[in-house]
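Peer 1: Starting from the given sequences, assemble the full structure and let the hints guide the process.
Chains as they are written, first to last, in the working numbering: chain A, 1 to 252; chain B, 1001 to 1259.
What the hints contain is simulated information worked out from the structure, not anything from laboratory work.
Being a predicted model, the structure only gives us computed values, none of them experimental.
Positions of the beta carbon are idealized from the N, C-alpha and C atoms, including for glycine.
Watch out, some of these pointers could steer you wrong.
Unchecked claim - Derived DSBU-like pairs: lysine-lysine, alpha-carbon spacing no greater than 35 Å straight-line: (1) A:LYS65 to B:LYS1126; (2) A:LYS65 to B:LYS1093; (3) B:LYS1148 to A:LYS146; (4) A:LYS146 to B:LYS1045; (5) B:LYS1093 to B:LYS1130; (6) A:LYS203 to B:LYS1093; (7) B:LYS1129 to A:LYS185; (8) B:LYS1111 to B:LYS1091; (9) A:LYS65 to B:LYS1045; (10) A:LYS146 to B:LYS1129; (11) A:LYS146 to B:LYS1247; (12) B:LYS1093 to A:LYS146; (13) A:LYS29 to B:LYS1129; (14) A:LYS203 to A:LYS185; (15) A:LYS65 to B:LYS1037.
Stated by the list, open to error - Calculated from the model, a selection of chain B residues having no Cβ within reach of chain A, i.e. all distances over 10 Å: (16) LEU1089; (17) GLU1155; (18) GLU1240.
As the list claims (entries may be wrong) - Which chain B residues stay away from chain A? Per the calculated CB distances, all over 12 Å, these: (19) GLY1056; (20) ALA1068; (21) ASP1090; (22) GLN1104; (23) LYS1111.
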Amino acid sequence: MEAVAEWGRALYETTGINLTILYDAFDQKRFISGLGMTIYLSVVSLFFSLVIGVIGAWAQGSDFKLVRWLINGFIVIFRNTPPLVQIFFFYFGLSNLLPYIEDADGMRAPLFTNVQWAIISLSLFAGAFNIEIFRSGIEAVPNSTKEAASALGYTRLGTYLYIVLPLAIRVCLPALNNNLVNLLKTTSLAYAIAVPELLYASKQIWTDAQNVPTMMVVLLFTYVALVGVLVWAMNAWERSMAIPGYGAGRAR
Amino acid sequence: MAKPLIGTPAVAPWTPDQPIISIVDVRKAFGAFEVLKGVSLDVRKGEAICIIGPSGSGKSTLIRCINALVDVNSGSILVENQEVNDPRLDKLKLRRKVGMVFQQYNLFPHKTALQNVMMAPINVLKQDKKEVEERARALLAKVRLTGKENSYPGELSGGQQQRVAIARSLAMRPDIMLFDEVTAALDPETVKEVLVTIRELAEEGMTCLLVTHEMKFARDVADHIYFTDKGVIVEHAPPEEFFANPKDERTRTFLGQIL
Ligand SMILES: Nc1ncnc2c1ncn2[C@@H]1O[C@H](COP(=O)(O)OP(=O)(O)O)[C@@H](O)[C@H]1O
Ligand SMILES: [Mg+2]
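Peer 2: Below is the structure:
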């Protein structure tokens, strides 16, 4: 650790590249906690967006017109509006309409914090896309396969959970991959409601240390690394699900 | 004694001297197109019944009515004395009594042969996994697929897949098996291995209703043959009589083309 700090200082003295996050404990802490917040936002929103996708795609096949209508309305609203507008809508708009609660000190506090609003907003945003993505995968499952499940006594829900979804996920993984990468990048919009994520932390650092170009480069590389890890994990998942003799697994 | 399919007290319990399937004047239309125009047919326990007829005559629709994959417009279908054409019908209870095998096998491609056989008893009937696995292995052995337990459908030949499908259906311990042209998609070499399996089942006393174009098989295995054309049953008879002495002109034409 000390060696890294040493190197950071030397780098600054010899080249003028000022990586305060290497030797300044305070900046380092801000940066790491920003990184942590970005990972936290990504993982939690990713999870909820998948849940929304799975449930929404299931509900889209409902026999009730009203349910299908509501799901389609939800998709249209969240796909056709900018995610930053959505975040503002929740944090500045909806938040004011909701009841307030008392916090631990007896102060009036909003029902959800900015971090929670960011998660809600990002989950719904990515979830709307996930519904459409899962739907395309579901439509690729032949009716005859579903019929075989019915003939074995599976209910509609059982058929969906045990047969349709596992097959659909395999079909739509590339599209899902894309959307989740997008979600990770979109977490940076939480900056706008003062969630101390990576971009927010970096901005604080470059404002104090006056090292804007350097921190910009650091920021870009950090996102590249984060997305790289996500893509690697998705690819590993895809490989683990490949079926011999089926789809992409056929070649093996 | 058989448990009632639906909890209607008015229904008398089924006894083996009654038909296990009784279809009376069933009609079914898709839109304006009438596919079944008043079909009646009885199957007794342990019988093997073959339905033959030209393509598009409504054979698949008819046997799909029996396990409620298709709902009929009018008429009555009794399975062990329980009305299938009843909105209160518990489809799960019906379908565990009536197994079905399809022309295109329709195995679950993401599961191994063994898993395909084990899935429904575990997921649907909530049976004990160990007990189901034992039964599934025995069923795969019965259809001569020992050694293929861990193969995925995509790694099996058509004939092998179809035998997995038969084992999968048998794992639910049905009283009745429906076969819808199960050899029609197979290579000629593999047709025989599937027919041997079905013949064994019929000989063991499984009630079988088969739609087939395999005339020799029908002649050897069927207790009774029904000939359908354009949504009606043209004639029916035991196989010797049916093939030796077809009464209707349409039957003669069909047999003339196919034999
Ligand atoms: N779900 C359906 N919707 C509309 N028409 C159908 C449907 N299922 C079957 N048919 C039509 O009903 C007729 C009989 O079909 P089918 O029962 O499959 O005949 P078979 O099995 O004797 O060849 C065909 O003309 C077919 O196109
Ligand atoms: Mg057919």
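Peer 1: Look at each hint and say if it fits the structure.
Peer 2: The hints, checked one at a time:
1. A:LYS65 to B:LYS1126: Holds - the C-alpha atoms of LYS1126 of chain B and LYS65 of chain A are around 32 Å apart, at most 35 Å.
2. A:LYS65 to B:LYS1093: holds (29 Å)
3. B:LYS1148 to A:LYS146: holds (24 Å)
4. A:LYS146 to B:LYS1045: With a Cα-Cα distance of about 29 Å, the restraint between LYS146 of chain A and LYS1045 of chain B holds, given a limit of 35 Å.
5. B:LYS1093 to B:LYS1130: holds (23 Å)
6. A:LYS203 to B:LYS1093: violated (64 Å)
7. B:LYS1129 to A:LYS185: Between LYS1129 of chain B and LYS185 of chain A the Cα gap is close to 44 Å, so the pair fails against 35 Å, i.e. violated.
8. B:LYS1111 to B:LYS1091: holds (25 Å)
9. A:LYS65 to B:LYS1045: Roughly 43 Å between the alpha carbons, so the hint for LYS65 of chain A and LYS1045 of chain B is violated.
10. A:LYS146 to B:LYS1129: Between LYS146 of chain A and LYS1129 of chain B the Cα gap is close to 23 Å, so the pair holds against 35 Å.
11. A:LYS146 to B:LYS1247: violated (40 Å)
12. B:LYS1093 to A:LYS146: Holds, at about 18 Å.
13. A:LYS29 to B:LYS1129: violated (51 Å)
14. A:LYS203 to A:LYS185: Holds: LYS203 of chain A and LYS185 of chain A sit about 16 Å apart, inside 35 Å.
15. A:LYS65 to B:LYS1037: holds (33 Å)
16. LEU1089: Check passes; 13 Å lies beyond 10 Å.
17. GLU1155: About 4 Å separates GLU1155 of chain B from the closest Cβ of chain A, which leaves it inside 10 Å; violated.
18. GLU1240: holds (33 Å)
19. GLY1056: At about 18 Å from chain A, GLY1056 of chain B clears the 12 Å cut-off, so the statement holds.
20. ALA1068: violated (9 Å)
21. ASP1090: violated (10 Å)
22. GLN1104: violated (6 Å)
23. LYS1111: At roughly 9 Å from the nearest Cβ of chain A, LYS1111 of chain B sits no farther out than 12 Å, so the non-interface label is violated.
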